[in-house]
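A.B. asks: Given chain A, work out where chain L should sit, using these hints.
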Amino acid sequence: MGKRSKTSRKGKKAWRANISSEDIEDFFEKTTRDALSGGNLSAAPSEDLFHVDKSHDLPVKRKIEKHRERVLRVDSILKKNPFVQLVPSSKPKLKKSKKTIVIEDKAPKQVQKSVGDDSVMADLWGDDSKGEHESNPRKIFKNPSIIPAVEIEHPGCSYNPTTESHQDMLAEAVAQEMQKVYKTELGPAPVPLTIEGDTLSEDERYFLDVDNFSEGEDNENVENEVSEAGIKLKENPFVQLKPSSNTNLKKIEDKTPRQAQKSVGDDSVMVDLLGDDIKEDLKYFLEVGNVGEGEDNKDVKIEVSEAGNNVSRKTKRVTRVELNKRCRQKALRKKETKEKAKEKILNEIDSLPNILEEIAKEDEDKQNKHLRRVIAKQEVLKIRPPRLGKYKFEAPPVQVLLTEEMTGSLRKLKACCTLARDRFKSLEKRGILVPSKQIRRF
Amino acid sequence: MPKHYRPTGKKKEGNAARYMTRSQALKHLQVNLNLFRRLCIVKGIFPREPKKKIKGNHHTYYHVKDIAFLMHEPLLEKFREIKTYQKKVKKAKAKKNEELARLLLTRQPTYKLDRLIRERYPTFIDALRDLDDCLTMVHLFAVLPASDRENLEVKRVHNCRRLTHEWQAYISRSHALRKVFVSVKGIYYQAEIEGQKITWLTPHAIQQVFTNDVDFGVLLTFLEFYETLLAFINFKLYHSLNVKYPPILDSRLEALAADLYALSRYIDASSRGMAVEPKVDASFSSQSNDREESELRLAQLQHQLPSSEPGALMHLVADNNKEVEEDEETRVCKSLFKDLKFFLSREVPRESLQLVITAFGGMVSWEGEGAPFKEDDESITHHIIDKPSAGHLYLSRVYVQPQWIYDCVNARIILPTEKYLVGRIPPPHLSPFVDNEAEGYVPDYAETIKRLQAAARNEVLPLPGVGKEDLEDPQNLLYAGVMSRAEEAEAAKNKKKMAAQEKQYHEELKMEINGSKDVVAPVLAEGEGEESVPDAMQIAQEDADMPKVLMSRKKRKLYDAMKISQSRKRSGVEIIEQRKKRLNDTQPSS
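Quick note, the sequences are listed as chains A and L, same order.
Note that this note's numbering has the first sequence beginning at 6, numbered continuously upward.
Note that this note's numbering has the second sequence beginning at 23, numbered continuously upward.
Treat the hints with caution; some may be incorrect.
Pairs of lysine-lysine residues, derived as DSS-like cross-links and limited to a Cα-Cα distance of at most 30 Å, are as follows [unchecked claim]:
#1 L:K591 to A:K387
#2 L:K518 to L:K532
#3 L:K518 to A:K188
These aren't lab readings, by the way, just hints derived from the structure by calculation.
If we strip away everything but chain A, and leave its shape as in the complex, we get:
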């Protein structure tokens, strides 16, 4: 091919020599091949190529069918054998399912559909005798609470109540309202979203951070020992530790030495725990405060160090005389305690009626307590639903007329509430619905 590029490209003839005639050659080749093999296939009509097989032997089909019909042995074992009787316990419960189907058939049309067309309804409880056994596989339907579905209101809620019962009910309503008010008044104030005051500049903040960091470790130790003052220290450590500061410091001074002394008296180990830090602190405080007191404290510190050294000491040897003495004393003590116990028992026997009385009293108290608890539980169940979800049930306000709204006329009765709310609350109260948050779309 390299040679072809060397041909001349000047003039028309030269151009023509460069055009390839491959496709023409291919065509000729093909036609000659077709002619040799006996005609073009695509040009031939389909009748010549195919024919419909109308003969009635079905060897091919049978072959396929046979293949299909072959059952594996595993499957054939599992197939039901007509000669083998079923074990009665393993019989499927056909009867039951049939019955339920029958019921469904009995009531063919749904009620909502039957509004328009007067379809024939069926008597659901036609055969009451069977009812209890047949359906109700699980005793599902039991009321979750003892609160009745329709609670009858207090007579004070009548549209034209007697004065006494009305006053009673009003008092209750007022109490409900006031409870809400008090709750908001006495409860903790909500955390404010913003706080008044100037913002800290960058430099100040930097200083604050540094101070906190440097004083932090020392102060922690102080806090452990000086509990009262500690809280204040933590809040504002820098200011309070300045020598020129106020009375708070004095408090700390009073506190620290006392505690140190105490720790010396109790246990020598404590001293070690008191570490160097606290000692330094103490020294610092004392320098700041009264000189006289400071001297005392220095003595204390010395004592502390001495006590720390005396931990290890040799045990003294015990002579035989001493041992005997101890033995005797021990026996004597034992005897004494025995006698004492005897006396005690005798005393108790003498005071038996008193003890019995006490026991009876205790029992009575216990019983009363139990009784009170039982009653309280019952009453709570009557008015309060179980806690079912995130939110507690909130009782709706009492629907009672105000004194000036009492007209005695049914016509002038103020429309104060919808029954829908009442129903909803009732559902929540009976533990059927989970109480939800009050807010809904607007």
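C.D. replies: Using the frame of chain A, we list chain L on its own:
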């Protein structure tokens, strides 16, 4: 290691195994929250409060078995099917294939709740026992306005109205109503059907609106179930009256919004028709292709009824219907307003009064077309009015306020009308649901009503304040239940006398034995009079204590609890009385 740690592969036990949270349940059932809520409501499964809340106090817990029960509900599968079908419709709409969407919508799969009703209430009594909430809800939605936002269709509101009317018609027809109490919230009714006390609350018709703090979606799901339930109950009740259930009403009356009246006429007509039919032709009613004809006949019968006297007809029919056995109370209720005719003004609550008056055997009419009789009817005995003054007064009738009806019904006597006349402030409307004896405090007006009742029964009550000591004594209270007060007083006197005599006899015997005859007998007898009283009291107390010793611990404690609550109640009554006394003291001075 924390206490609740459990190695993997170990079974859970206790509360952790028995309860699951709501979100766990959702995952378990593979449904969304909305569907889960609906299923729970329809199936009657409620959240529980386990003793130990494993996942924390802010979760809602369900019992594992409850959830398993939901899992096997065929309705769940149905709901899923509906959901996928909705997707198809949505897809068709999105592809702008309106025709397909419409076609799909016509063939929407629906579901039925009747199987669930059967499951939840295996017997009819069970269903009746749980009807309170159902009735209240249906009555509420019957007066609510239809709303697009809350998905409350007009059709449903109408269905609710129809159901409530059917129920009311049955109540008034069977005279099952027992108590009515008008409160600020609404009107409480109590009826007794098959020994079950059913209480329901109907709203005042004024101003029932949608509020923001109520989830109406939940209420509508409840309503769906309740509608089905009430329809089946109405069916059963109507069939007990031999009336075909989906009633065919006079369209004219229905258009005039006098459904209740139309229904009562329907019941009258059809029950009479049924009574007559078997005599004419036994095979007539049984055949199904004759049904059309019988329906036609029914409609004709309704038109044949003389529109002016439905009540009279009702009595006729009631006399014929003897197979309906009646207890004492029903008979009393039925004959309370027996020969009275009422006319309602425009401003009084018509449906409520219509129900009450017909339930107690009265005849009633109202202003407007389709009413049974007109205002100028001479035979009207009472005109119910709630205005400060009536315009035109007929002398033949009494103009009273609606409260009179309610009070009469609760007291079971016809109260004197003076206090209830037009323009006066009526006496307080007392709640019939309060047991005054148990409460211990009896309002003044209740006292007067009691005396009136006694007068109606031709009995004499002791003056108030005398029987106080008797009330204290539990033994005497027991007696009081058995016999009337007068008898009891006499018995007590006899008893005292007997005791005195016995004691005297014993003394005399002793004296005879001692042989001393110079003791003055009458003086002793005088002394004994006083002595015998505490003696009897002591005996009574001992009698009361005896069973207490014999009681089991549990019962004893319950008894003690009762005692405590009684004492609490008593102190409450004392407070009320003191308050009242103070009120009375202040009023004359001011």
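A.B. asks: If a hint holds in the structure, say so; if it doesn't, say that too.
C.D. replies: Do the hints match the structure? See the list:
1. For the given pair, L:K591 sits about 16 Å from A:K387 by alpha-carbon distance, which is consistent with the 30 Å threshold.
2. Note on L:K518 and L:K532: the hinted pairing holds, with a Cα-Cα distance of about 21 Å set against a maximum of 30 Å.
3. Of the pairs offered as hints, the one joining L:K518 and A:K188 is violated, with about 59 Å between alpha carbons and a cut-off of 30 Å exceeded.
Hint 3 from the list above is the single one not met by this structure.
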